[in-house]
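Peer 1: Sequence:
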Amino acid sequence: MFSAFNQAKSRLFFFLWYSFCMDLELKKLLENSKRYKCGFSKKSNSIKSKKNRGKYKKFFHLLLLISIWGGVAFSILLLILFFQMPPLKTALSKPRKTSIVILDRNNMHVRTINDLYGLPIEVENLPDHVWQAIVATEDKRFFYHFGIDPIGLLRAFFTNIFSGKVRQGGSTITQQVAKNIFLTPKRSIKRKIQELMVAFWLEARFSKKQILSMYLNRVSLVSGKYGLNTASKELFNKDAKKLSIAEASIISAMLKAPSKYHPYRDQVASEKRTRLILKNLYQQEYISGDDYAIALDSLKIIKPKKPKNIRYFTDFVLKNIISRIGKVESDLIVKTTLDLKLHQKSRLKLNEILDKNKDKNVSQGAIVFMNKKGEILTMIGGANYGKSQFNRAVDAKRQPGSAFKPFVYLTAFENGFTPETMILDSPVQVGKWRPANFNNRYFGQTSLRYAFAKSMNSVPVRLAQNIGLNEVIKTAKRLGIASPFRYDFSLVLGASELNLTELVGAYIPFANGGKGVKPFVIKEIKMENGKVLYARMENNFITIISSENLQKMQSIFSSVVNQGTGKSAFFEGLLGGKTGTSQNSRDAWFVGFTNEIIGGVWLGNDNNSPMKKVYGGNLPAEIFKLSLEN
Numbered sequence: 005m006f007s008a009f010n011q012a013k014s015r016l017f018f019f020l021w022y023s024f025c026m027d028l029e030l031k032k033l034l035e036n037s038k039r040y041k042c043g044f045s046k047k048s049n050s051i052k053s054k055k056n057r058g059k060y061k062k063f064f065h066l067l068l069l070i071s072i073w074g075g076v077a078f079s080i081l082l083l084i085l086f087f088q089m090p091p092l093k094t095a096l097s098k099p100r101k102t103s104i105v106i107l108d109r110n111n112m113h114v115r116t117i118n119d120l121y122g123l124p125i126e127v128e129n130l131p132d133h134v135w136q137a138i139v140a141t142e143d144k145r146f147f148y149h150f151g152i153d154p155i156g157l158l159r160a161f162f163t164n165i166f167s168g169k170v171r172q173g174g175s176t177i178t179q180q181v182a183k184n185i186f187l188t189p190k191r192s193i194k195r196k197i198q199e200l201m202v203a204f205w206l207e208a209r210f211s212k213k214q215i216l217s218m219y220l221n222r223v224s225l226v227s228g229k230y231g232l233n234t235a236s237k238e239l240f241n242k243d244a245k246k247l248s249i250a251e252a253s254i255i256s257a258m259l260k261a262p263s264k265y266h267p268y269r270d271q272v273a274s275e276k277r278t279r280l281i282l283k284n285l286y287q288q289e290y291i292s293g294d295d296y297a298i299a300l301d302s303l304k305i306i307k308p309k310k311p312k313n314i315r316y317f318t319d320f321v322l323k324n325i326i327s328r329i330g331k332v333e334s335d336l337i338v339k340t341t342l343d344l345k346l347h348q349k350s351r352l353k354l355n356e357i358l359d360k361n362k363d364k365n366v367s368q369g370a371i372v373f374m375n376k377k378g379e380i381l382t383m384i385g386g387a388n389y390g391k392s393q394f395n396r397a398v399d400a401k402r403q404p405g406s407a408f409k410p411f412v413y414l415t416a417f418e419n420g421f422t423p424e425t426m427i428l429d430s431p432v433q434v435g436k437w438r439p440a441n442f443n444n445r446y447f448g449q450t451s452l453r454y455a456f457a458k459s460m461n462s463v464p465v466r467l468a469q470n471i472g473l474n475e476v477i478k479t480a481k482r483l484g485i486a487s488p489f490r491y492d493f494s495l496v497l498g499a500s501e502l503n504l505t506e507l508v509g510a511y512i513p514f515a516n517g518g519k520g521v522k523p524f525v526i527k528e529i530k531m532e533n534g535k536v537l538y539a540r541m542e543n544n545f546i547t548i549i550s551s552e553n554l555q556k557m558q559s560i561f562s563s564v565v566n567q568g569t570g571k572s573a574f575f576e577g578l579l580g581g582k583t584g585t586s587q588n589s590r591d592a593w594f595v596g597f598t599n600e601i602i603g604g605v606w607l608g609n610d611n612n613s614p615m616k617k618v619y620g621g622n623l624p625a626e627i628f629k630l631s632l633e634n
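5 is the number of the first residue of the sequence shown in the numbering used here; add one for each residue after it.
A couple of the hints might just be wrong.
Here are the computed lysine-lysine pairs in the BS3-like style, where the Cα-Cα straight-line distance is at most 25 Å [what the hints assert, rightly or not]:
no.: 1; residue 1: K144; residue 2: K260
no.: 2; residue 1: K183; residue 2: K264
no.: 3; residue 1: K391; residue 2: K349
no.: 4; residue 1: K283; residue 2: K264
no.: 5; residue 1: K345; residue 2: K391
no.: 6; residue 1: K481; residue 2: K535
no.: 7; residue 1: K144; residue 2: K364
Restraint-style ranges between C-beta atoms, simulated for each label pair [to be verified]:
no.: 8; residue 1: D270; residue 2: F204; range: 33 to 39 Å
no.: 9; residue 1: K401; residue 2: S211; range: 31 to 37 Å
no.: 10; residue 1: K391; residue 2: K364; range: 17 to 23 Å
no.: 11; residue 1: K391; residue 2: E542; range: 38 to 44 Å
no.: 12; residue 1: G472; residue 2: I326; range: 36 to 42 Å
no.: 13; residue 1: P431; residue 2: I329; range: 54 to 60 Å
no.: 14; residue 1: N110; residue 2: N543; range: 18 to 24 Å
These are calculated hints, taken from the structure and not from any lab test.
Just so you know, these numbers come straight off a predicted model, no measurement behind them.
We put the beta carbon where it would ideally sit given N, CA and C, even for glycine.
Generate the whole structure from the sequences, applying the supplied hints.
Peer 2: Here is the structure:
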């Protein structure tokens, strides 16, 4: 850079010196002209002739002087603009951030984290029709021009003039590479001149295919990310080198306006432009008539993937990656526990119920499903990730209400009580605290089974008074509740705040034979070369609930969904569950389990405002059922 600057400086001094000498020469000519004028007769034809020649000389010398000074000024301007650009070699060699490819439990691509750019590709490694689809429409004279396309510029100029607005651009692929890699997208005369300078530099330094590779790796296509490979993964779940002619044309259609021609956002506009690109491919003889016809027919059956909306889950995965292996210093492939089909279905049902019940002042929800091993199959942390990235499934601490009662009843069974033990359901008072049943309705002497099914409040308080609050806390901790406990009897009615993920995890022993598990989302982390950095080991789970007491718990859980507060959640295969509603319906919960899946649903508002007639036994139970029912 400094040697180039010194050379430019030398040339500048040369121009200045030359122009100074020319200026002196012009002054001498003017002096001679004056003498000549005074010493000869005006009537002489030869004098007139010499006078005219002097005028022409003067004019051409002046023109030469102006040209020299103009050239000097222009050279200075170019030098200034050149040295204001970022270092070209540095921009090209800028290291790519490490990327983390996340797969679901079936090895399907879910998301790439960290890097905006997909894995780099080379044109030589692509089928010809992939890059031809782009060149045929974006810059059909790419292999013949020298960085700018005069024909394209003239065509764009006249098209825009006659239409009265900007309808076409004249930028070549080389110019777009110059802009995307080295310059800002800001429009100005200065930036345009720099763009042309970089385009000439690229053409002089790199081959056409190298420039095209740069373009394909840096072009913006989907979700604020860059690169043909990224678009291919996002839309078709495959590498760019496996794209068909029709698929490559669908992606190429997005180059003009990624949002407008995205096949999922506007299928009609996408297909119309894709057909134009296929026509260009055929007319420019890149593909045969048969290939053209086949590609057109395949547009009817090609279905690009819908956006997965799994950011709450993948954000949680990223936190767990860092906790497992520390700083990420190389590209990783992470296999997770995600059940994508269940996740998508649950998300749709949550949004449907929220949309239908806006009049009930319910704006948010969260869903978590796990299997018996503790693998998190689904984690939905809110109604809309785009509007709020706060993950309510793990970061929101809310009162679970009656969904906490199973820990009280299990502790009672471990201390000699049974589901058929009779206990008084009547108003109860602990100090100044007087918890009441729903609608202040009491049943007198009742069995623990019926009290659990109908979610009576006085009964678990009496049980805790009998067995001790410390024993209840020990049980909850043993099953996996890690949040701090408030040490008073309101705890047994769910006054201690916790998150949905730990509550669902604590219910797993009720469904898996009494084994204690810790929920997890990562099965394996490995580098691109196949080296495994972390692999989840199959644990020998410890039994934390005896078979006798487990049978008692499953019996009363069944009563809830068959004849109790959770009846609206019932479907064939549901073994049991528990509803929960905090004071004034600020939180509504349903947690339940089948033979294979344990899950929970929470509804509420971020500002903790009360909902209108939303209880654990209605909307949360309905979402749970709709998510799992076949």
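Peer 1: For every hint, state whether the structure bears it out.
Peer 2: Do the hints match the structure? See the list:
| no. | hint | result |
| --- | --- | --- |
| 1 | K144 with K260 | holds (15 Å) |
| 2 | K183 with K264 | holds (22 Å) |
| 3 | K391 with K349 | holds (20 Å) |
| 4 | K283 with K264 | holds (20 Å) |
| 5 | K345 with K391 | holds (23 Å) |
| 6 | K481 with K535 | violated (37 Å) |
| 7 | K144 with K364 | violated (58 Å) |
| 8 | D270 with F204: 33 to 39 Å | holds (38 Å) |
| 9 | K401 with S211: 31 to 37 Å | violated (59 Å) |
| 10 | K391 with K364: 17 to 23 Å | holds (19 Å) |
| 11 | K391 with E542: 38 to 44 Å | holds (40 Å) |
| 12 | G472 with I326: 36 to 42 Å | holds (40 Å) |
| 13 | P431 with I329: 54 to 60 Å | holds (56 Å) |
| 14 | N110 with N543: 18 to 24 Å | holds (22 Å) |
The structure fails hints 6, 7, 9 (numbered hints given earlier, in ascending order).
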